[in-house]
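In this text, residue positions in the sequence shown follow the numbering used here: the first is 1, and each later residue adds one.
Heads up, some of the hints might be wrong.
[Claimed, not checked] The calculated lysine-lysine pairs, modelled on DSS-like cross-linking and capped at a C-alpha distance of 25 Å, are: (1) K55 to K68; (2) K69 to K55; (3) K69 to K35.
In short, the hints are calculated from the structure, not lab data.
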Amino acid sequence: MYLAAAEAYLAGMRKAKMVPILLSNRSQAFASVGKWEDSLADAAASLVLRPADEKTWARYRRALEMSKKEAGNDLNTDSQESLRAVVGKALLSNEIDSYTTDNMPVP
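Work the whole structure out from these sequences, hints included.
Here is the structure:
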């Protein structure tokens, strides 16, 4: 159910102008099935586009905490540095780089 939701969010990202909201919601869907790295990547990508969103920050912090637990605390504990490290993965693995650069309005 949650993985189907994640796929639906990707389809929505390709069509909608609500990319940060969809990324944040997909982050929650991944978190619900314990896919913490995917959840972290989507939350980070959403924060790049909408950095003041508190709900997404909460999702990011939770995914970072759980990813660290799974990795044996090997992940960086500095949130800003972790955010920068994860954004690259989000842009590549979730196929949002061309959508973001080509179709997003410049703030």
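Now for the hints, and whether the structure bears them out:
Among the hinted pairs, K55 with K68 is consistent with the structure: their alpha-carbon atoms are about 20 Å apart, no more than 25 Å. Between the alpha carbons of K69 and K55 the distance comes to roughly 21 Å, so the proposed pair stays at or under 25 Å and holds. Using a Cα cut-off of 25 Å, the hinted pair K69 and K35 holds, with the two alpha carbons roughly 13 Å apart.
Every hint, counting from the list given before, is met by this structure.
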